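Assemble chain L onto chain W, guided by the hints.
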Amino acid sequence: MKLTRSWLEEFVEIPMDDPEELVEAFESLGHEIEAWSVLEPTFTDVVVGRVLEVAAHPNADKVRLTKVDVGTEVLDIICGAWNFEAGAIVPVAVPGAVLGGDFTITRRDIRGIPSNGMICSETELDLGDEADGIMVLNDDYPKAAQHIGEPFADVVGFPDVLFDVNVTPNRPDCLSVYGLSRDLAALFQVPLRDTNIAVTESGEPSDLSVTIDVPEMCPRFAGREVRGITVRPSPHWLRWRLRQAGVRSISNVVDASNYAMIEFGHPTHAFDVERLGDTIQVRMASEGETIVTLDDQERTLDARDIVVTDGTTPVAIGGVMGGASTEVNETTTAIFIEAAYWSPPNILMTSKRLGLRSEASARFERGADPSFCLLGADRVAQLLEITAGGRPAPMPIDVDPGHIQPWTVVYPLSETSRVLGIALDRDATAGLLERLTFSVEGIDPLTVTVPTRRPDVRKPVDLVEEIARLHGFASIPETVPSGPGGGLPYREQRVRRVRETLVGAGIFESLTFSFIGASDLEMLDPEALEGEDRAIRVVNPLNDTEGVMRTSLVPGLLKGASANLARRLPSASLFEIGKVFLTGSGKLPDQPDRLGFVFAGMLEGSWHTPARRRDIHDGTGLVQLLADALDVPDVTFAPSARTGFHPGRCAAVMIGDANVGTVGEIHPTVADSFGLSGRVVIGELDLEPFLTDRGAWQLVTPSVFPPVVFDMAFAAPPTVSAGSILAAARRGAGELLEHIALFDVFTGESVDEGHVSYAINFRLRAPDRTLTDDEAGLIRRTIAAEVTDATGAVLRGEV
Amino acid sequence: MTDLTNLLQSVPPAIASAGSLVELEAIEAETIGRGSGIADARRGLGGITDAQERRETGRAINDVAQELTRLIADRRAVLALAEEDERLQTDRADVTLPGRRPPLGSTHVITQTMDEIVDIFVGLGYTVARGPEAETDFYNFTALNFHETHPSRLESDTLYLDYGEQEEEILLRTHTSPMQARYMEQHDPPVFIVVPGKVFRADAVDATHSPVFHQIEGLAVDDSITFADLKGTLAEFTRQFFGKDTEVKFIPHYFPFTEPSAEMHAYTKGRWIELLGCGMVNPAVFEHVGYDPDKVTGFAFGMGAERMAMVRHGITDLRALIDPDQRILEQYR
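Line by line, the protein sequences are chains W and L.
Letter 694 of the first sequence, counting from 1, is numbered 693 in numbering that gives the first Met the number 0, and no numbers are missing.
Letter 278 of the second sequence, counting from 1, is numbered 277 in numbering that gives the first Met the number 0, and no numbers are missing.
The shape of chain W in the complex, shown without the other chains (with noise of 0.2 angstroms):
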């Protein structure tokens, strides 16, 4: 909320000038100042005039001629508002003054008399949106009379402060300048100023009756009825408070229940008695029963929000907002204000229900003070009394079948050492808790009682809280007690080397949003938005984009391929590591871990490296160096097709007989609605295969012996892969093979046609002795026969 120092100091004492140190104050009470500024007048030398005579200019009809004492000397001034005669009091610029920081006032004649000066508007002086006629100060500051000639800055009340205070929900109590107030006296140790309400009461009681059918709803329901109100704006100095609180000005009625909300907290309404009746009744709307509210929208209402009638319509929801029907308008002559405390659940209820939050409900939702009640309404009336020469009736209402009382709190002393950790005896806690107004009694415990306005402090931790702001957080020792222990745990390592692993690779870790686009998934993962809806959608995005919960990571992947190709770089190559969401069995989604990374654009070349675009094989060897980083065994890459993936160039990751993932390039045609061309290799791999826990790897003692090392070429048609080739090769070659490495692949015209030779080199070491011809000779054939039983390739010669 915002007000002004002055507001406060009409409540509190503030011992500092410094707006710094005071917004220090309000921080260590808990009131985050969020902004706050300075507020000077934008004129100067412009003091407090009174108009002695107003005659007619001879030479013009639409401006009269004045003469205005500023104190020192009488000045001719001509002026063309006619909102005052002779005795009106007004600011008048003074030649040399300057308004609005560049805008001189100067002596001029016109039609051929001279003007020494100009008296001023609201809008000439930043003063306030009233810009027909000047500014008559006699009824709006009445005092300004006794300071014909000063500044008239020091009658708006220049210089002053204005604080934007973010009051935590907790703190019901501080949404006014009083509340704020009695929270500075407390830190100041000053005392509190009296709120000095106090109404002349006139004329008969009001003829109102008040039935409450739902205390429990309704636990306070208090007012006053006002006669003899002249509807009109409001003075100068009030609307001014009002525009530094944020709030528009609209009439006096309103504002003094606007000013008097800021002022004490207490929301407030006005009801017109004649369209009114006499009679209130406040109960549970019935369903669908509706009302007209003061924003002209017709509101259907149900059981469970509680409304105020005349006894039989609603003329307002019960401190949510009030109804056209009773509205206050230009012909109002007599208001009853009503100052009730509601049930706050039942209040953010109706207003979230009806999507309908007013300054009242917001208070009331939180939590207002029911021991305000009457004293928010007199402060409204004794406003009116001065705004709208309103004559307050005797006898207020005032029903209260709640009878919510102060409440108490047993408190052990021990509590604050427990949960602060320093230790305060009886007199400093009591202390503490008094400067608060709430009273103690006892040594310990200690029975605290909490006023009304608390509603935040029910239990000891409450008091802690209390305890701990007066005794300042700063006088709080700090200590660094150690945990149990238990270190990094070992999934959390293995992440770790998985990111480390791929940094090395060159790729780098983007994070993407873990939302995508249904239009996304269109062409990845089209029966993910479809029958079995795998998919799960957000019940209320920001955007079409972020509708869906990503079943994958490849999009967000591709888009950022695509962003950074987009902005010119000749590649990209990224990584992600993140949850995916999938519809399962539990009661909360399928949430695992996935790695992610694509490469697309075109690898750039150096002097000693020609640039080439990347494809599949990279991505399986990835795969691979992250199976050896992470002491993966059995990983194999089985041909694949996946929705989206390149029919001819997509594997199924597999460890063991376990898919755990995709390695493949890209549909060209998916690629394109990405915006990429070329081939795009993505992975997408299940992570927590990847983490499994094998134990200490155990040391294998490398053989002293020779080797025997030797190439063997096989032939065989394209439909025998690779994989299978070498796979048999391994098994050919038993224990011995140290080492295996397929160093060619090549079709031509030393292959038999539709062939296609594989020339792999191998190692073989016993670890106990040196291999002899035979033995190599053995192992030779024994490769041979397994390679062309098991897949049909032909041995075609060997080295």
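Treat the hints as calculated values from the structure; they're not laboratory data.
Among these hints, one or two may not hold up.
[Stated by the list, open to error] One side only, chain W facing chain L, incomplete, derived with CB under 10 angstroms:
1) 17
2) 30
3) 187
4) 236
5) 419
6) 498
7) 501
8) 513
9) 562
10) 563
11) 648
12) 678
[Unchecked claim] Under the rule of at most 27 angstroms between Cα atoms (straight-line distance), these lysine-lysine pairs were calculated in the DSS-like manner:
13) W:458 x L:294
14) L:248 x L:268
15) L:243 x W:1
16) W:586 x L:268
17) L:268 x L:243
18) W:1 x W:351
19) W:142 x W:66
[As the list claims (entries may be wrong)] Covered stretches of chain W (in silico footprint by chain L; criterion: 3 or more residues with CB under 8 angstroms from a CB of chain L, positions within the stretch not fixed):
20) 157 to 170
21) 482 to 489
22) 586 to 600
Keep in mind that this is a model prediction, so the values were computed, not measured.
Even for Gly, the Cβ is constructed at its ideal location relative to N, Cα and C.
Chain L in isolation, oriented as in the chain W frame:
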């Protein structure tokens, strides 16, 4: 014999003046090779009948041969060295050519930030827990003492998931705090954990907001954890993360699941910056998870990884952190 003696006179200067290995090899062949005088002399030994004389002559031949062989070897070493030197002088590389550099990627700065924060707390005896990102209303709100009508539950703040008919709403967790309740349900005190992870809010992307961001939650629960422990731990963390002279201050605040609650501000780069929210675990949370609030106390805190990274690395627009542009990612190396 005289010939041999002459060899020792004439050959050594020739060896010494040999200018190349080829030249030296010619001298070697000529003097001690197959067709040389020494070879002839050795062949002539068979013709000497007197055993004594044959022995002496043979020894003399050997002495000469050995001497010449030594001289040749020495000269060869010198020449070889010189020739290699000459060869290397011409085998030059331009060391300023860009090297054959293996590629290097980077982990995301958010990952780095979270890892580093986690490591600081691991050093203080904490361990790491992770939890679901799609979460139940209970763990995200109710167990954390959020009132049923708390405004955070509004669709304007929280993203909800359409997950069929459920007893309670399924949502994208708005903070990492649900793991407080989940972890305490599963573990007895003492509990010292940090919980890094993604969180979600119904916020459009701008310079300071993103619908997806990252938090690190902390929770310490034991039989005697106090607000002093909270202050000390977070001050120590801040010194480790931002530098040992970093000042901190704690300002009262409000969160439903802690009481008293605070915001910690740190003085870094010449200004006070709000860094994180924290507080003593509200007894209501202990009750939800089956802990006895009279027997245990604890503190909890939550910090935004984006915020920590932005403050530390001078990032003023959060959108840089969600941009996959490799020119940004390269800076994370």
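Results of checking the hints against the structure:
no.: 1; hint: 17; verdict: 16 angstroms, violated
no.: 2; hint: 30; verdict: 8 angstroms, holds
no.: 3; hint: 187; verdict: 16 angstroms, violated
no.: 4; hint: 236; verdict: 34 angstroms, violated
no.: 5; hint: 419; verdict: 5 angstroms, holds
no.: 6; hint: 498; verdict: 5 angstroms, holds
no.: 7; hint: 501; verdict: 6 angstroms, holds
no.: 8; hint: 513; verdict: 6 angstroms, holds
no.: 9; hint: 562; verdict: 5 angstroms, holds
no.: 10; hint: 563; verdict: 5 angstroms, holds
no.: 11; hint: 648; verdict: 23 angstroms, violated
no.: 12; hint: 678; verdict: 18 angstroms, violated
no.: 13; hint: W:458 x L:294; verdict: 16 angstroms, holds
no.: 14; hint: L:248 x L:268; verdict: 15 angstroms, holds
no.: 15; hint: L:243 x W:1; verdict: 38 angstroms, violated
no.: 16; hint: W:586 x L:268; verdict: 47 angstroms, violated
no.: 17; hint: L:268 x L:243; verdict: 13 angstroms, holds
no.: 18; hint: W:1 x W:351; verdict: 24 angstroms, holds
no.: 19; hint: W:142 x W:66; verdict: 21 angstroms, holds
no.: 20; hint: 157 to 170; verdict: holds (count 4)
no.: 21; hint: 482 to 489; verdict: holds (count 7)
no.: 22; hint: 586 to 600; verdict: holds (count 4)
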